[in-house]
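If you want the building blocks of each chain, they are given just below.
2 protein chains.
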Amino acid sequence: MPSDKDFVKDITPQSVDFSRWYIDCIRKAELMDYSPVRGCIVFRPDGYELWERIQAGLDRRFKETGHRNAYFPLFIPESFFEKEKEHVEGFNPELPWVTEAGGEKLEERLAIRPTSETMIGYMYAQWIKSYRDLPVLINQWANVVRWEKRTMPFLRTSEFLWQEGHTAHATEEEAREETMRMLEVYREFVETELAIPVYTGEKTPSERFAGAVDTYSVEAMMKDGKALQAGTSHYLGENFARGFDIQFLDKDNQLKYAHTTSWGVSTRLIGALIMVHGDDRGLAFPPKVAPIQVVFIPVGPVKLREKVMARYDALAAQLRAAGIRIKEDTREEYSPGWKYNEYEMRGVPLRIELGPRDVDNNAVVAVRRDTGEKLVLSQDNLAEQVLKLLNDIQSAMFQKAAQFRAEHSHQAATLAELAEIISNKGGFVLAGWCGDAACEKQIKDETKATARNIPFDPPAQMPHCAACGAQAKHTVWYARAY
Amino acid sequence: MPSDKDFVKDITPQSVDFSRWYIDCIRKAELMDYSPVRGCIVFRPDGYELWERIQAGLDRRFKETGHRNAYFPLFIPESFFEKEKEHVEGFNPELPWVTEAGGEKLEERLAIRPTSETMIGYMYAQWIKSYRDLPVLINQWANVVRWEKRTMPFLRTSEFLWQEGHTAHATEEEAREETMRMLEVYREFVETELAIPVYTGEKTPSERFAGAVDTYSVEAMMKDGKALQAGTSHYLGENFARGFDIQFLDKDNQLKYAHTTSWGVSTRLIGALIMVHGDDRGLAFPPKVAPIQVVFIPVGPVKLREKVMARYDALAAQLRAAGIRIKEDTREEYSPGWKYNEYEMRGVPLRIELGPRDVDNNAVVAVRRDTGEKLVLSQDNLAEQVLKLLNDIQSAMFQKAAQFRAEHSHQAATLAELAEIISNKGGFVLAGWCGDAACEKQIKDETKATARNIPFDPPAQMPHCAACGAQAKHTVWYARAY
Chain A
1 MPSDKDFVKD ITPQSVDFSR WYIDCIRKAE LMDYSPVRGC IVFRPDGYEL
51 WERIQAGLDR RFKETGHRNA YFPLFIPESF FEKEKEHVEG FNPELPWVTE
101 AGGEKLEERL AIRPTSETMI GYMYAQWIKS YRDLPVLINQ WANVVRWEKR
151 TMPFLRTSEF LWQEGHTAHA TEEEAREETM RMLEVYREFV ETELAIPVYT
201 GEKTPSERFA GAVDTYSVEA MMKDGKALQA GTSHYLGENF ARGFDIQFLD
251 KDNQLKYAHT TSWGVSTRLI GALIMVHGDD RGLAFPPKVA PIQVVFIPVG
301 PVKLREKVMA RYDALAAQLR AAGIRIKEDT REEYSPGWKY NEYEMRGVPL
351 RIELGPRDVD NNAVVAVRRD TGEKLVLSQD NLAEQVLKLL NDIQSAMFQK
401 AAQFRAEHSH QAATLAELAE IISNKGGFVL AGWCGDAACE KQIKDETKAT
451 ARNIPFDPPA QMPHCAACGA QAKHTVWYAR AY
Chain B
1 MPSDKDFVKD ITPQSVDFSR WYIDCIRKAE LMDYSPVRGC IVFRPDGYEL
51 WERIQAGLDR RFKETGHRNA YFPLFIPESF FEKEKEHVEG FNPELPWVTE
101 AGGEKLEERL AIRPTSETMI GYMYAQWIKS YRDLPVLINQ WANVVRWEKR
151 TMPFLRTSEF LWQEGHTAHA TEEEAREETM RMLEVYREFV ETELAIPVYT
201 GEKTPSERFA GAVDTYSVEA MMKDGKALQA GTSHYLGENF ARGFDIQFLD
251 KDNQLKYAHT TSWGVSTRLI GALIMVHGDD RGLAFPPKVA PIQVVFIPVG
301 PVKLREKVMA RYDALAAQLR AAGIRIKEDT REEYSPGWKY NEYEMRGVPL
351 RIELGPRDVD NNAVVAVRRD TGEKLVLSQD NLAEQVLKLL NDIQSAMFQK
401 AAQFRAEHSH QAATLAELAE IISNKGGFVL AGWCGDAACE KQIKDETKAT
451 ARNIPFDPPA QMPHCAACGA QAKHTVWYAR AY
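Residue numbers (this note's numbering), protein chains in the order written: chain A, 1 to 482; chain B, 1 to 482.
To be clear, the hints were calculated from the coordinates, so they are not data collected in a lab.
Warning: the hint list may mix true and false statements.
Identical copies go unnamed one by one, so any copy, or any two together, can satisfy a pair.
As the list claims (entries may be wrong) - Simulated crosslink set (BS3-like; lysine-lysine; CA at most 30 Å straight-line):
| id | residue 1 | residue 2 |
| --- | --- | --- |
| 1 | K28 | K63 |
| 2 | K105 | K83 |
| 3 | K149 | K105 |
| 4 | K425 | K256 |
| 5 | K307 | K28 |
| 6 | K288 | K63 |
Everything numeric in this text was worked out from a predicted model, so none of it was measured.
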C-alpha cells in the first residue's frame, strides 16, 4: 500500500521553484503529457475535461450574445498572408508549412493556421454583399499552430486549442461595441466560473494583435506574481476588409468596407486555473469548472464497512440526483489518508467522509480543499448543504485570488521604483506612460516587465511617465508575463 | 419581394441528377461553401450546427459507455507510419507533409494526421505498464486530413471533422467486446437520432482499415440507391501494440501486448442525413437533430396582424418553454408562401401557421415537412401536441427510409443477375461469396459495386458465390458506394 506521505514530496514547493511546482502538479495529476512532437502536448482526460467545461461555459455565452459556430479550413494559402502587411510580419516567423501532399509538391505552400482572419476574411467577402447580410457573428472552435521556440504546457505550446470569434459589421460603432461586448463576456466568465479576477484594458500599440486597430485584454495574476493574458478582443477596423475586399452596398447605396472584429481565448486558461488556485498540496479547482466537485470516501475499520455502505450509497445517490459531480472512491486497497492526499492534489473542492460513528450520529464530515476547514454536516438535506458549500467555496476562491492580487498590485512613480518592485516583490505595477514606445521599451529592457494593458478609467490626477518623466497620457499595468 | 415560385427551380430534381440536386440543396440552404483550398470546405453555421447535434448525441453515448475525451497532436512524425506496415501503405499516398516550420527546414517531416492510431499508440505505451492501467477508454474529437483526388462536400473532403475512439485492453475478448459495443452505439445513434436505417456487418479483408484485424461497419442507403459507410469499428489485435510497444505486466506476472480498438464517424454523416431524407423541395431533417424543429409563421392580412401577434407571442413562449427549438419568422417583407418554401427547403420538420381566423377558433394550422399533411391543432396544450407530432415525424421518417431501403434491397444468385440489378435498379444486392478476393474484385470491376459488409446472421441455406459459383462462405451486401 502506498504511504500517506508518499507524494507531497513529489511536488516541488511553490516557494522553491514555481515552474517546477507547476510541471510537477500537472504531470502528477495527469492533466497532460509531453508528446514526441516538439512543443506539442497531449491533453489527457483530466486536463481535457477542464477545457470541455470552459468550452461549455463560453459557448453558451457566445450563443446568448447572438453568435453561431462554423468551421473553416486548417490550411491557409501563402498568398493570403500577404494581403494584410502587419499580419504577415507578425505571424510569418511562427508558421509551419505544408509543401507536399498526396505525393506531389504543391504549387503554393499552405500554412497551418495560426489564426483565421485571412481565411475567414476571404469567405466573408463572398457572403457579404448588402447591409442586409450584416452583422455576421461567427465563432470557431479549432486547433491552431504557432511554432514556438520556448514552450510551457498549456501556457504556450506549438499546437493549441482555442476559439476565435470573427464578426463583420456595417459601422465602426457597431464593431467597437462588439469588441467591448466580447471583452466583457471574457471578464465575466473568467471571474465568475474560473474564480480568477482580471484587469481589463487596452493594449499598447506594441502589444497589439498583428493587423488590429485596437486590442483589448483581460490580464490575470498568477501566484508567482507574473501576468497571464487570459483573453483578447480586437477591433480590426477596415484592415482585413480592405485586404480581402469585404464590401457591401449600404442603405445609402454606397459601396463600403465592413468593419471587423476578432476575439479569442485558448487552452492557456487551463494553465491560469492551476497557477492562480494551486498550492503546495497540488491543484485546486473552483467548483463551477471542477471535473469532480465532491469526492465521497467511506472511512473506519473495514469490518464495519458493511454498516457504512448502505447509508453511503443512499447519500451518494442523493448528491448525484442534485446534479453534483461526485466521485465515489470505495477502494479498499488505498487508505483514507492516501485518498485525502490524492484528491487534494487533484484539486477536488470538497471531500466528504462517512464512517460508522457518522452513521450513528446522522452526520458526515466535510473538508474544504480551499481552506482545509473541517465541518460536520447533518445527513438531512445533505445535497442542499453541499450545494451551498460549493457556492461558498467558489466565492471564497475568487476572494482569495482577489486578495492576493490586491497585495501584489503596486504603483510606481519612477523607473527605479518600478524596477525595484518588479525584482523584489513581483506582481503588477501601475505607472504613468507618456505614450512613447521608446519609454515602454526602456522599461521592458531594464525590468523584463511588459505593458499588460491600459485601464479604462484614467486616474483623476494623471502621473508622470515612469521612464521619461514627461506628463503621462495613460496609466499602464506593467508586469513580467507568461 | 421574391416570388413564391422562385426557388424550387433553383434545385435540380433528384431524378434528373442526384449529385446536382445534392450540391444545389446544400449551397442554397447555406450548409457549406467551397473554400480556396483544394478539397476543403467551409462548414457554415447551419451545416456546423448539424455536426454540433451529432457530437452532442454521440458524446453522451461515449461517456455513458465509460469513455473520456482527450486531445493528441495534429502532427505525426514520418517514422511513426513505418511502425505498422499495412497502415503506412494505406495512408501514405494521402498525406500532406509539413517540411518547414518557424523558418527552418525540419529534420523529420511531419504528416498531418489522417487518423491517430500511431500517435495514440506511442502515448499509450508510456501510460500502460500494468493490467491495473487497463482498459484505457479514450475518444478524440478532431480534424483530420486525407488528400483526396475526388471530393464531394461532407462525404469526402481533404480536411474533415470526426471522432476517433482508441481503446486498449488486457485481452482479445475484451477488445472484441468493445469493438462490437461501439458498432452498436453507432447503429443505435444513426437509427434513433438520424432516422437512418443501417446494415451492420463485417468488412471483407480488402475493405478493412489499414492495420486492423477486423473491421465492422454500419452502411446506409442513399436515395439514389448508393451506399454510404456511416461508421466503422476496428479490432486492431496486437498490431499497433507490437508496432508501438504497448506492453503490460499481467496478473500472472507475464509481459503481454495490449489488444487495441479504434472506431470513428465523421462529418460525412451530415451528407447521409441530406441524401437519405431530402426530396425535390430540398432538405428534410429528423426532429431530433434538426437545428430548427418548428417554424412559426403569422399569416393573414397585415392589417389584422396586431390581433394575431398577442396570441402568437404567448404560443411561441409556450413552445419554447417546452424545450422545442422554434424559429419565429414575423418578417413582413416576405410573403407566407415564400416562407413556406424557404423552410421546407431548409428541412424544418414542422411549420405552424397562425392567422386571425385561427385566433377566433382557438386553433393553429400545422404542416408536416415529411408528408405535407396539414393538421388543425387546438391552442390548448399546444406544446404537448407538437412534441407528440415531432415524435411521430421522427418515427415516420425512419419508417419511410426503412421502406425505401427494403424496396431497394435485392438478392442475386449470379454475377449477371447482380450486374443487372446494380445497373438497372440500383440499391443493395445480397449475394453469396466464397471468400476469395479475386471474386470480390471481379464483381467490383464488372459492376462498380463494392462489398459493403457481411451480415452477422448467415442465412439458413448458404448460397453459391455469385462470381465463381463455388459454395459461399458468407453473404455480402454489394452496392455502389460514396
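Verification of the hints:
Taking the closest pair of Cα atoms, K28 and K63 come within 30 Å of each other only across two copies (24 Å); inside a single copy the shortest separation is 36 Å, beyond that limit. For the identical chains of this complex, K105 and K83 are neighbours both inside a copy (24 Å) and across copies (25 Å), given an alpha-carbon limit of 30 Å. Within a single copy, K149 and K105 get their C-alpha atoms as close as 27 Å, and across copies as close as 14 Å, so both meet the 30 Å cut-off. For the identical chains of this complex, K425 and K256 are neighbours neither inside a copy (52 Å) nor across copies (54 Å), given an alpha-carbon limit of 30 Å.
Within a single copy, K307 and K28 get their C-alpha atoms no closer than 34 Å, and across copies no closer than 66 Å, so neither meets the 30 Å cut-off. Both within a single protomer and between protomers do K288 and K63 lie at most 30 Å apart by alpha-carbon distance, with minima of 19 Å and 20 Å respectively.
Hint violations for this structure: numbers 4 and 5, all remaining hints satisfied.
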